[in-house]
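Using the sequences and the accompanying hints, generate a full structural model.
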Amino acid sequence: MSRQVSIPVVEGIIEYVFNNKELLWSALHAAGSREGGNDGNKTLAMLGDAVLKVVVLDDLIITGASRGNQRTDNIVSNENLAGICTTTGIAQYINGNPSQWGEQQTKTKTATIEAIFGAVFLDSGKKIDCVRTAMAALGLDARVG
1 MSRQVSIPVV EGIIEYVFNN KELLWSALHA AGSREGGNDG NKTLAMLGDA
51 VLKVVVLDDL IITGASRGNQ RTDNIVSNEN LAGICTTTGI AQYINGNPSQ
101 WGEQQTKTKT ATIEAIFGAV FLDSGKKIDC VRTAMAALGL DARVG
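The sequence shown maps to residues 1 to 145 in the UniProt record's numbering.
Think of the hints as simulated: they come from the structure by calculation, not from any bench. Keep in mind that a hint or two might mislead.
To be verified - Distance windows between CB atoms, simulated:
1) VAL9 x THR106: 17 to 23 Å
2) SER77 x PRO8: 27 to 33 Å
3) THR133 x GLN92: 40 to 46 Å
4) THR87 x GLN4: 21 to 27 Å
5) GLY89 x THR133: 26 to 32 Å
6) ILE62 x VAL5: 36 to 42 Å
7) GLY12 x ASP141: 14 to 20 Å
8) GLY139 x LEU57: 15 to 21 Å
9) ASP141 x VAL17: 18 to 24 Å
10) VAL5 x THR63: 36 to 42 Å
11) ARG3 x ASP39: 18 to 24 Å
12) THR87 x ARG143: 16 to 22 Å
13) GLY125 x GLN105: 28 to 34 Å
14) GLU22 x ASP129: 34 to 40 Å
Stated by the list, open to error - Quick list of in silico lysine-lysine cross-link-like pairs, PhoX-like style, CA-CA up to 20 Å:
15) LYS21 x LYS42
16) LYS42 x LYS107
17) LYS126 x LYS42
18) LYS127 x LYS21
19) LYS21 x LYS126
20) LYS107 x LYS21
21) LYS42 x LYS53
22) LYS53 x LYS126
23) LYS53 x LYS107
Glycine included, C-beta positions come from ideal geometry on N, C-alpha and C.
Here it is, written out as structure tokens:
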């Protein structure tokens, strides 16, 4: 999907408008995609995974829930993130690896959601609350039981 179509649609889904649209465009490139190269969105995904965990741990502290809380474990699971990527429609905007035909793999969808959170974090000047808002737009809120 083109940059002109993908960026505004995904911004609407996550309820965050990027100052640097290139960050979101990079987040939408899976490893091995034509424009993303071998690594694609891996670095943004690593950052996003870490930020996601910080937000969830912060929510645990706010709510007083234990580390073993099943709800929070489910929030960060690959299956949950991949499912959200599909149900929100973000999956159709992933620039995938041309060698992978058909539907995007769970790993690719998970990495894309995490990369989007990493991109929001960087674009916002490292504001955790901006990531929290994007997470909430996708239904990822450990504070809601």
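Tested hints:
Between VAL9 and THR106 the beta carbon distance is about 22 Å. The supplied range of 17 to 23 Å therefore holds. The supplied range of 27 to 33 Å is met by SER77 and PRO8, whose beta-carbon atoms lie about 29 Å from each other. At about 23 Å, the beta-carbon gap between THR133 and GLN92 misses the expected band of 40 to 46 Å. The beta-carbon spacing between THR87 and GLN4, approximately 24 Å, falls within the hinted interval of 21 to 27 Å.
At about 19 Å, the beta-carbon gap between GLY89 and THR133 misses the expected band of 26 to 32 Å. Between ILE62 and VAL5 the beta carbons are some 37 Å apart, a value that agrees with the proposed interval 36 to 42 Å. GLY12 and ASP141 have their C-beta atoms about 19 Å apart, which keeps the hinted 14 to 20 Å range intact. With their beta carbons about 19 Å apart, GLY139 and LEU57 fall inside the hinted range of 15 to 21 Å.
For ASP141 paired with VAL17, a C-beta distance near 20 Å keeps the hint of 18 to 24 Å intact. Take VAL5 and THR63: their Cβ atoms lie about 38 Å apart, and the range 36 to 42 Å holds. Checked against the hint of 18 to 24 Å, the C-beta distance between ARG3 and ASP39 comes to roughly 19 Å, which is consistent with it. Roughly 21 Å separates the CB atoms of THR87 and ARG143, a value that falls within the hinted 16 to 22 Å.
Distance hint for GLY125 and GLN105: a CB-CB separation of about 32 Å, consistent with the stated range 28 to 34 Å. Remark: the range hint 34 to 40 Å for GLU22 to ASP129 is contradicted by a beta-carbon distance near 23 Å. At most 20 Å may separate the alpha-carbon atoms for a hinted pair to count; LYS21 and LYS42 meet this at roughly 18 Å. Between LYS42 and LYS107, the direct Cα distance comes to roughly 11 Å. Compliance with the 20 Å bound is thereby established for this hinted pair.
For the hint linking LYS126 to LYS42, the alpha-carbon distance of about 18 Å falls within 20 Å, and the restraint holds. Taken as a hint, the LYS127 and LYS21 pair is honoured in the structure, with Cα atoms around 17 Å apart against an allowance of 20 Å. In summary, the hint linking LYS21 to LYS126 is supported, as the alpha carbons are separated by about 16 Å, within the 20 Å threshold. At roughly 24 Å between alpha-carbon atoms, LYS107 and LYS21 are farther apart than 20 Å, so this suggested pair is violated.
A threshold of 20 Å between alpha carbons decides the hint, and for LYS42 with LYS53 the separation of about 17 Å falls inside it, so the pair holds. Between LYS53 and LYS126, the direct Cα distance comes to roughly 15 Å. Compliance with the 20 Å bound is thereby established for this hinted pair. Our distance criterion of 20 Å between C-alpha atoms is met by LYS53 and LYS107, whose separation comes to about 17 Å.
This entry does not satisfy hints 3, 5, 14 and 20, going by the numbered hints stated previously.
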